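A.B. asks: Here is how the chains run, residue by residue.
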Amino acid sequence: MIAENGIVIAFWLLAATTIGCALMVAAVRELVQAVLFLALTFVGAAGMYIVLSADFVAVVQVLIYAGAVSVLMTFAVMLTPAADRRNSETVFQVPALVLAGLVLAVLVFVTLDTDWAISDRAAFSATAASLGEAFLKPYVVPFEVASVLLMVAMIGAIVLTQEDEPPPRRQEGE
Amino acid sequence: MPIKVEPVEVNIGPQHPSTHGVFRMVAKIDGERIVDVKMVVGYLHRSMEKLAEERTFTQNIPFTDRMDYLAAMSGNLGYCLSVEKLADIEVPERAQYLRVIFGELQRVASHCMATGAFINDCGAWQTPVMWCFRDRERVLDLFEMTCGARLTTNYMRIGGVAFDIPDEFLPALDKLVNDELPKAFEEYEELIVGNEIIMMRARDVGVVTPELAINASLSGPMLRSAGIPWDIRKADPYCVYDRMKFDIPVGYNGDSYDRMTIRIEEMKQSLRIIRQAVGDLPGGSHKTDVPLAIRPPVGEAYSRVESPKGELGFYVVSDGGPAPYRWHVRAPSLINLSVLREMTVGQTIADAIVTLGSIDINVGELDR
Amino acid sequence: MIAPLLAFTLHLEEVLVVGAALFAIGLYVALSKRNAIGVLMGVELMLNAVNVTLLAFSRFIESEQPLDGQVFAVFVITVAAAEAAVALALAVAIYKHRETVNIDEIDLLRW
Amino acid sequence: MMAPLLDLITGYWWDLRDLSNLSRMIYGRLDDWGFPDWSIYVISGMLGTLGIVSFIGGVAIINIWVERRVVGRMQSRLGPNRLGPFGLLQPVADAIKLMQKEVLQPASAPGLIYTVAPIAFTVPGIAVFAVIPWGRHMVLASLDVGLLYILGMSSLAVLSVFMAGYSSNNKYSLFGAMRVIAMLVSYEIPIVVGLLGVVLFAGTMDLQGIVLFQEDNWAFMVMLQPLAFLIYFFAISAELNRTPADIAEAESEIVGGYHTEYSGMKFGLFYAAELINAVSVSAIIATLFLGGWWMYELDELVPGWMIFIGKVYGVYFLFVWTRGTLPRFRIDQLLAFAWKWLTPMAIINVVVVAAEVLVWEESGWSAGFWIPVFIAVNGALTGALVVGFVKFFAPKFQRFPTRPRFYPDIDVPSLPAVTGAEFMAKGGQA
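Residue numbers (our numbering), protein chains in the order written: chain P, 364 to 537; chain U, 603 to 970; chain Y, 85 to 195; chain F, 115 to 544.
Chain P extracted, bound-state conformation (with noise of 0.2 Å):
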């Protein structure tokens, strides 16, 4: 339990932030805005997980989602022609929503239904440095392994969209 107002206060704003986004990026009508509801979607997640005391993951959230997935995301968007830029749905929009507002509705049951064992202890101060000690300690191997799998993302990616020939420098029969 968080007792602190400020912070409880903080929660609820930066809740509805991101929830709104959230809710934004499904309903605008152009992907571009989409993506930029996205990464203001990041940018209010990365607050909540500052008022969960976890700061770094909350700078890296902004890092790397904020600063490069959504940039990342905008690059494919640019990428692909100005008629699929649209962000419609498909057939599936009622089943989908249906289908989404059950899975709300379990994990909001369950959540109230479960007997947490909550724990009454204080906000971690700082977590960079004991994080870098789990990784290097009792999570070494899956810290090797995603090393590993963003070795692999990085060369499938490249292999996905390489060019089989360079572009022509010159366009005959002008």
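Because the hints were derived from the structure by calculation, they are not lab data.
One should not assume that every hint holds.
Unchecked claim - Ranges of calculated distance between the beta carbons of each label pair, as one might list FRET restraints:
hint: 1; chain 1: Y; residue 1: Q149; chain 2: P; residue 2: V511; range: 20 to 30 Å
hint: 2; chain 1: F; residue 1: I462; chain 2: P; residue 2: S510; range: 16 to 26 Å
hint: 3; chain 1: U; residue 1: E608; chain 2: Y; residue 2: T93; range: 54 to 64 Å
hint: 4; chain 1: U; residue 1: E782; chain 2: F; residue 2: L192; range: 12 to 22 Å
hint: 5; chain 1: F; residue 1: G142; chain 2: P; residue 2: V511; range: 53 to 63 Å
hint: 6; chain 1: F; residue 1: S377; chain 2: U; residue 2: P839; range: 50 to 60 Å
hint: 7; chain 1: U; residue 1: P884; chain 2: F; residue 2: I524; range: 24 to 34 Å
hint: 8; chain 1: P; residue 1: S510; chain 2: F; residue 2: L415; range: 43 to 53 Å
hint: 9; chain 1: F; residue 1: N283; chain 2: U; residue 2: L753; range: 33 to 43 Å
hint: 10; chain 1: F; residue 1: K505; chain 2: U; residue 2: P664; range: 50 to 60 Å
hint: 11; chain 1: F; residue 1: S190; chain 2: U; residue 2: G644; range: 32 to 42 Å
hint: 12; chain 1: F; residue 1: G198; chain 2: U; residue 2: L753; range: 28 to 38 Å
What the hints assert, rightly or not - Mimicking PhoX-like on lysine-lysine, the simulated pairs with C-alpha atoms at most 20 Å apart in a straight line are:
hint: 13; chain 1: U; residue 1: K630; chain 2: F; residue 2: K285
hint: 14; chain 1: U; residue 1: K836; chain 2: U; residue 2: K870
hint: 15; chain 1: F; residue 1: K285; chain 2: U; residue 2: K640
Here the structure is a predicted model, which means the values were calculated and not measured.
Every residue gets a Cβ at the ideal spot worked out from N, C-alpha and C, and that includes glycine.
For this one, chain P is given, so just place chains U, Y and F on it according to the hints.
C.D. replies: Structure of chains U, Y and F alone, referenced to chain P:
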């Protein structure tokens, strides 16, 4: 299998920071790469060739100022030479030497401007252009001293030059030619010619092959950069250029960098010519007596000079009246620009801007 | 359950509900969007919801190693970055071959 | 002799060397008056923010003058010198002019994104100052992950540039936006990896900790990490859109890039944000590499924040200098530079630093021995890499520049004449 894209048409100009006036270049762009270029000229068309038919031969001299306004002296000179050829007028020695001196000073001024503007097109933030302006201003000071005008000099006359040089001119010229400008050129040498970024930007950009250069009738630094030693001052000497010793700087690759270095070398050769001309400057009259409303005999004449941009030719037809029957200008800017498409297609937008800057067009002369 | 307005306390359940809402929105976006990049956005939203949940557990739940939740969150971010890179590369590659990124037109299992 | 004089001021609110005395006095007073803790927390945050924001506002105004004046000197002209003493009021006049101008907006622009973009562009540059230490006790938010916070913030600015470029609905703007994104994707990597060397040496990501590390070891980080400094300086000047990497707003190519369509105070915000970003990056460099407020015991006498501001302006001068002198790279050259040169160098740097830190810790010898050794080793490494790059990896035309040949007379080669029909048959290309 490459991504299918449709080229985008981008208007570079008529209002654009790097078109050196109101010239429009419609570029079809695929990503950053240029697929096609269309040149649209005529935004500064003032109908000079037609207007000239209504004015006397002497009254037409100011038009030549306003064509290539960065090299007014060369325009004056070319036009006066053509009328003198038509009317068979003998020009005094002193006037011929003065014409050489001012023509070469004008070349220095124009090339300063061209070099500075070219570096500006390469992306330097106004600094080189200001430095080049500083040296150009020194030359323009001499013009002002002599004829009262800096830009539109209106100095040459049919049969000579308008005014003799004042007493303080030669000391000032001596200081300029032997002290200030050589120092400035050393600075250019260090800051511009040896600059790695400029080399990266200008090398192999906007290449003109010798075949293209000759077939497209290019002239001036454009032609010389392609490796062809050609200069009207040597090929068809006018005034007293046949008495002057100077070399023709010639490039290797025909790229933008060659054009820039050639301009800098040409400025040095100009100083060499000026030194010789000042040393040989004879006394006597600066002007023959030519009637103001001169009526050349019926006939036609074409005379050409090596203006800073290239071969500037004037074709004058007289029907015996006080005004030319037909007046045509072979403007080097227009003809040099005609190969822009060949030079830019396949390169990026940034390269196209650099190429355009290296051609050194002057829209006043382009559209007339 | 839901905190009164002036109580000014934050419980695990409330954070989890926020996470669940974010997850549901992400699920809806991922399932309903026509554009492949839109689908990817939904997936990213879901991953963020998971992160919120993980960090909430890390903050509130009694545990020997309370930081494990944060460690997991960092792994999730790493994997999400890799996934985003590959998925966007896939989207571009599919667009190259099929000239569309609309997933309801990408209905062949080969091309 | 100095000691009794220093005693007169140390710890009192009139001790200008440490403004935190002043704030501590205010908080003590507030506490005495019975303000609750949280309100004091809020007020302290507000006061610190107010101080920083007013400093930034002043800087944004002054730096217009500074930049124009300094660049004017480089361009052998005077710069603004008419309005007020030395032209100091020129920025004020500029600001008034910008505010009076009509704010035009393209009819087809999505209004929200178009309006938010300049604001979103300005915020990160200001937000960076939150974690920057101004003195031994003067730091608004001593964040444990300060460096990562800065990196995250600086990457946010690029997204707003994209917003501006995209929403302007102008081809030039879109070019600028796409160039920014391509550049960010490339330059984020050398920036992060390059700064890793600094973090490895200091053992912390807290900026105050990095300054204290430099104080403890009596050496600026730029001596220990010259390669990281070079990498960061170049890469960040690309992110800042300053020459030689200002391809996003290359005015000679794409007019104004992302801010082509902006006018009035919206453009003014972009203009101010550019200066603010430059200053915040200068502050980051001054803190990370030049010791921040610490200056070899000089900070005992001169206020640390003055030393800091002096260093910031020193770095800022470097930015103005490069802007005033260098031409611009082409985008492919810029990206190739990031991937083929900066990134490998940053990785080499990290490996070397990691080895050095390991040796330092394992050997058990003091910093007094190792720091000079590391300075020598890293300086030699940097010099070798830079010289090697210039000598061996530069393009051939840079290593062996060609100059024009000289011909004493005309000499036209006899080329086969190409008829117009043949010329056109070749596609109009010879």
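A.B. asks: Kindly confirm whether 53 to 63 Å is satisfied by the beta carbon distance between G142/F and V511/P.
C.D. replies: Given range 53 to 63 Å: holds, Cβ gap about 55 Å.
A.B. asks: Hint says 12 to 22 Å; check whether the CB-CB distance for E782/U and L192/F agrees.
C.D. replies: At roughly 20 Å between Cβ atoms, L192/F and E782/U fall inside 12 to 22 Å, so the hint holds.
A.B. asks: So does S510/P sit 43 to 53 Å from L415/F, Cβ to Cβ?
C.D. replies: 49 Å, holds
A.B. asks: Do the beta carbons of K505/F and P664/U sit within 50 to 60 Å of each other?
C.D. replies: 56 Å, holds
A.B. asks: Is the gap between the beta carbons of G198/F and L753/U within 28 to 38 Å?
C.D. replies: 33 Å, holds
A.B. asks: Does K630/U pair with K285/F here, judged by a C-alpha cut-off of 20 Å?
C.D. replies: Satisfied, since the Cα-Cα distance of roughly 12 Å is no more than 20 Å.
A.B. asks: Regarding N283/F and L753/U, is the given constraint of 33 to 43 Å on their beta-carbon distance met?
C.D. replies: At 40 Å between Cβs, range holds.
A.B. asks: Cβ-Cβ distance between Q149/Y and V511/P: within 20 to 30 Å?
C.D. replies: 24 Å, holds
A.B. asks: Please work out if K285/F and K640/U have their alpha carbons no farther apart than 20 Å.
C.D. replies: 17 Å, holds
A.B. asks: Given the hint that K836/U pairs with K870/U, test it: the Cα-Cα distance must not exceed 20 Å.
C.D. replies: 17 Å, holds
A.B. asks: Hint says 54 to 64 Å; check whether the CB-CB distance for E608/U and T93/Y agrees.
C.D. replies: 58 Å, holds
A.B. asks: Does the Cβ-Cβ separation between I462/F and S510/P fall within 16 to 26 Å?
C.D. replies: Taking Cβ atoms as reference, I462/F and S510/P lie about 18 Å apart, which means the hint holds.
Of the numbered hints stated above, none is contradicted by the structure.
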